[in-house]
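K.L.:
Read top to bottom, the protein sequences are chains P and Y. One rule links them: number in the numbering used here = place in the first sequence (from 1) + 1. One rule links them: number in the numbering used here = place in the second sequence (from 1) + 1.
Honestly, the hints are just simulated from the structure, not real lab data. One or more hints might be untrue.
Same chains, same names: a pair is fine if it fits in one copy or spans any two.
What the hints assert, rightly or not - EDC-like mimics (lysine to aspartate or glutamate), calculated; alpha carbons at most 20 Å apart, straight line:
| no. | residue 1 | residue 2 |
| --- | --- | --- |
| 1 | Lys169 | Asp112 |
| 2 | Lys555 | Asp384 |
| 3 | Lys209 | Asp25 |
| 4 | Lys519 | Asp648 |
| 5 | Lys69 | Glu279 |
| 6 | Lys209 | Glu659 |
| 7 | Lys519 | Asp196 |
| 8 | Lys199 | Asp25 |
| 9 | Lys718 | Asp182 |
| 10 | Lys199 | Glu659 |
| 11 | Lys69 | Glu87 |
| 12 | Lys204 | Glu629 |
| 13 | Lys352 | Asp384 |
| 14 | Lys519 | Glu138 |
| 15 | Lys673 | Glu527 |
| 16 | Lys204 | Glu650 |
| 17 | Lys32 | Glu659 |
| 18 | Lys718 | Glu497 |
Next come the chains, spelled out residue by residue.
2 protein chains.
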Amino acid sequence: MKKAICISIFVITCMMGHSLFADDGYRLWLKYDQISKASTLQSYRNSIQGWTVLGESKTMAAVRDELKRGLSGLLGVTTPQLMTPENRTIIVGTVRNLPFSLQVKLISRLDGLGPEGFIILCTAINKKNVTIITANEETGVLYGVFHLLRLLQTHSEIEDLNVASSPKIRLRLLNHWDNLDRTVERGYAGFSLWDWHKLPNYKHAYYKDYARANASIGINGTVLNNVNTNPLIMTPLYLEKVAVLADVFRPYGIKVYLSVKFSAPIDIGGLNTSDPIEHRVREWWKNKAEKIYARIPDFGGFLVKANSEGQPGPQQYGRTHADGANMLAEALAPFGGVVMWRAFVYDHNIKEDRAKQAYTEFKPLDGKFRDNVLVQVKNGPIDFQPREPFHPLFGSMPQTPLMMEFQITQEYLGFSTHLVYLGSLFEEVLDADTYARSQGSTVARVIDGSLDGHTISGIAGVANTGTDRNWTGHLFGQANWYTFGRLAWDHQLSAETIAEEWIHMTLSNEEDVIQTVKEMMMVSRENTVNYMTPLGLHHIMGWDHHYGPAPWIKDKHRDDWTSVYYHRADSVGIGFDRTGTGSNALSQYYPPVESMYSSLESCPEEYLLWFHHLGWDHPMKSGRTLWEELCYRYETGVQGVRRMQSDWETLKGRIDEESFRHVQAMLGIQEKEALWWRNACLLYFQSFSKRPIPAELEQPNKTLEYYMNLSFPFAPK
Amino acid sequence: MKKAICISIFVITCMMGHSLFADDGYRLWLKYDQISKASTLQSYRNSIQGWTVLGESKTMAAVRDELKRGLSGLLGVTTPQLMTPENRTIIVGTVRNLPFSLQVKLISRLDGLGPEGFIILCTAINKKNVTIITANEETGVLYGVFHLLRLLQTHSEIEDLNVASSPKIRLRLLNHWDNLDRTVERGYAGFSLWDWHKLPNYKHAYYKDYARANASIGINGTVLNNVNTNPLIMTPLYLEKVAVLADVFRPYGIKVYLSVKFSAPIDIGGLNTSDPIEHRVREWWKNKAEKIYARIPDFGGFLVKANSEGQPGPQQYGRTHADGANMLAEALAPFGGVVMWRAFVYDHNIKEDRAKQAYTEFKPLDGKFRDNVLVQVKNGPIDFQPREPFHPLFGSMPQTPLMMEFQITQEYLGFSTHLVYLGSLFEEVLDADTYARSQGSTVARVIDGSLDGHTISGIAGVANTGTDRNWTGHLFGQANWYTFGRLAWDHQLSAETIAEEWIHMTLSNEEDVIQTVKEMMMVSRENTVNYMTPLGLHHIMGWDHHYGPAPWIKDKHRDDWTSVYYHRADSVGIGFDRTGTGSNALSQYYPPVESMYSSLESCPEEYLLWFHHLGWDHPMKSGRTLWEELCYRYETGVQGVRRMQSDWETLKGRIDEESFRHVQAMLGIQEKEALWWRNACLLYFQSFSKRPIPAELEQPNKTLEYYMNLSFPFAPK
């Protein structure tokens, strides 16, 4: 009897332990809660009765910690660490630390997998069944361990594993637009994770969890500071702090990079020029690189925004972007560092369509960059809109490794209060066919280097992380971080598969819950396109902060920072003519793409107003006029959000209560704002179209003036 | 055998549950972890076998939640909620909801306890032993429940409770110096808790925990925004957000207040004046008050910084502070709101000692304020220094309720990286004798209203909270928030008693651990005085941000924002002569105080250089010269920090590992910075004294120039 009481007390304590810790989202997709399905749990416990991690480096210590934490959490029992392999155990280590018989077996298979690839293999040694996780280098081993844990988290079969995986892209980076005062440009999840004032002496516990999260999805680099950069980051005071972060991240295979200011030789170097041709400027950078590498031997390199939106650059001295990039590349080359030179440039003195300017500037420079330079190109030719066609530079600079720049933070996609799964957006861009060499010359093949045979390749995501306890503000923002990393590792994965993984790991392992959430995620981006910028509309959001609709923005100091520049609505119609009769931006694409978008027959309606200015009564595929279709699309977006709301309600009691309420509140905001977008845009465009909103649709209950007078003085920006 | 396995699995799961959730400090002193001492646990479980909470309001729901959470956590079992009182249970409710027999018994005892006081009484009804927690109003009941939980958390006897408690001060407020962009002036724990952009639609879960924490220590009001205020806070856009916070806080007995800008009628009202005598200005404020109360019926009132450090005020129109305050008071009076008018004013056009100016301005206004005005006075006449004598206004305005303004955030006390327990500072000020009426006219009796018979009274603490996961940056910052609340409730409590409570609730219930931590806390403030500003020195910290030592600051646009203004070091000696031969600031104190500080014999050495300019060879009580004593005091401060470090090391393995490492890292920073303070100050003062640092003391290993050249461009400020 006494024993029974003892048991029951422990049971009660256990269960309360759970309920006391409502899920605040901090653990991201690395929850490692005990497997809830009894049969799966039992089967895993049977299969994994111990483990051995070979090696004592910091990375191997991280591997050991993660495996121990993951297994003890998921299996709910302490799985013993063993000295020698027993039956039904896991053996983890680089190939050179494995028993000789295994080395012989695996070394050739590892040949093509590089320093980051790994193998997971169920096999037998000395008649004992073991699971081997191995790789050429320790980081590969770490990735392998995270892969195995993911298999457990997603309740996958682990009996006869035979996995070989390596990343398709070499540099897989987060770009943090974080300022030294801890504000984050376009950050919507609190403030910068980097507590510069307390560094180098105090290291927040979350720095390591940031590294764990990134390593778990294969991210291997992080640019710590904003591309609109403060040169102080390169002074000894800050480099000492950067070095400490690098030390925390290094065991997780993550290199640090810095955004640098082209005028740094003047700003902090005491020179009177930053002309890249000048010897003393080049020497200054070489010297600076030496100083950085003395502190951080595996420093990744520089990211540069030059001659763009007020940032200094080589053109001030009559030099080209290549001159500028090559000077920095020369300084970094002895240490193996790279320069990531952004192609996001446009000049308001040039009357040319902004969509054309990056191509115009960079295409002629193809072949002129040093081999440790990558040109970093945003996914579309304008600026991270809810939908853009792919950037015409992809496929157009075959002699230059082009790096993809995606935006994970939702600058133009509802900040951190709208549920928008970006997996669909990333996939759409990666799968787009440039026709650069022939059919199948996808953007993915441009950036992974396979199309043009580059050995260096890269992809960057502008981070959505911040000090908010759940890292990303919106719980579903975590999915966008996750999907970025997973696609960076393997762009052949589908957005849907990745969504499923993430739901498994974050919300539930129940099939019907997964299905419901996945459906919400998969329609979410199209919903947002519809309630914000349907049919190819773009850049019609609030001035400067980009919060909410503002298609009426005009008369700013530069045309291409207004909304009217982009939508060109008038009494006749709406849209930006980028065909031969207009800006002819389409001429920057390869002929099959150009002709598809040029022709009103073949241009997908999703891109219609991006490329064409059309009359309000232009007939659409639906049989409606363009104006009616616009009304319907906006309405569809709002209805889509309402459907997400009702779908979410069905999950009450099925997922963690705090997570449920959090998303429920966020969906409430999204519904309000979707309606705001719809009404404000339709009322505004109606002032040109002079046509009624179809009577069967919900009519706006406020005036255009009401919406135009709204003001948000402290909206994040 | 099967059973045994089952038990062991559960045990393992339980223990892992604990280790997976390292203590990040979020739960503050409301941890409610299961009582570790078996006999105490058993005794509490025996005594508390159920509970009843009477009443269904939001406050009573909060009471119910808290009691349930606290008991289930502390006792480790689910204690049943009962419909009728049973033996060994707790009955909770306002007196009018209690059974009639209890009402009769308690109503007269509750008479003097007001709306916030409570009674906890062990008694019998129908021969059943019960513990009653009751009060006149629901907030009192809530305070009573937190009191009982504190007794459990501190392992106190609960068998024959007979507690009657009510607050000595009516308004117990936090002042948040939080800006609308979420930066916090003098905030060192991340950014503002108030996520204005997501309000009113999204409420962070932590808003409620903020309210719980405050209610648990009796804080009943919060000023949400900075005294250097943005008038937009009073526009409908923001009032809607404020109202939502008020809704979250209301069940916890916490009222919201706002800092208002005196020029608001111009800034957001479209008037061309804010002259308090003008009818339209008065009407504007009345109208604004009506609008606020329409949204927030229990709105607390306004806090005002006027004619100070650039803020607008009535003096611009030739009116007095009383004219300004009374205008606002008139607008708030119909709704029961108060005005808290800050006495922190000084004018750089006046050559008068800054320490004298507040008194000079406010003393003549005594008796001229409306009865819903409190004048809010900082504890000392300068600005929250490590040590100041009490402000001469205390005791000097008998017809005016003076409110205390303490600073919990450590602007001048090491930001959030130095362990400085402020209980000692608060206690020193509250216990100081003003001699206003006779001996025993303590500052505490001035501000609690008992000295001069005021019915309204108040105390404010400038908050040290922010978005850092542990709320205050430094774990021991929590103790300063805690002690402020406890002293605001009852200034008779000793700082030491409160420290003990806090350690019990936060770190450990082991006697030796408590003793060690308490000793660290109790010496910590004197340590900091010694390594920063010993012997009455003040305001010699870094320009503007106040980070680190900078006694060399001079030649700024106002004298009293320099360091040399305050320390007045020269070849002869050091210190600010505030006696009759100097600024005569001492004349503002009552004669016994004045004569004590005036005489070199009776002036405590802690205040020596605050009041006297003395030669470098002035003989001190120790037998040393002033210069030597200065050196020894600085040294003592550094050694004190090192002693805290070694004391802390003895706690390894005795307290939560994450908390241990966190404080250990912080103490490392404190030691570095204490040494920095010591060396920089001594080298600087030595440039005047021309005397050696005694050879037996550690000699600085850097030059004065080194320290003077340090620069911290993004230090928080």
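K.L.:
Among all the numbered hints in the text so far, which are the ones the structure does not match?
P.N.:
Structure breaks hints 5, 7, 12, 14 and 18.
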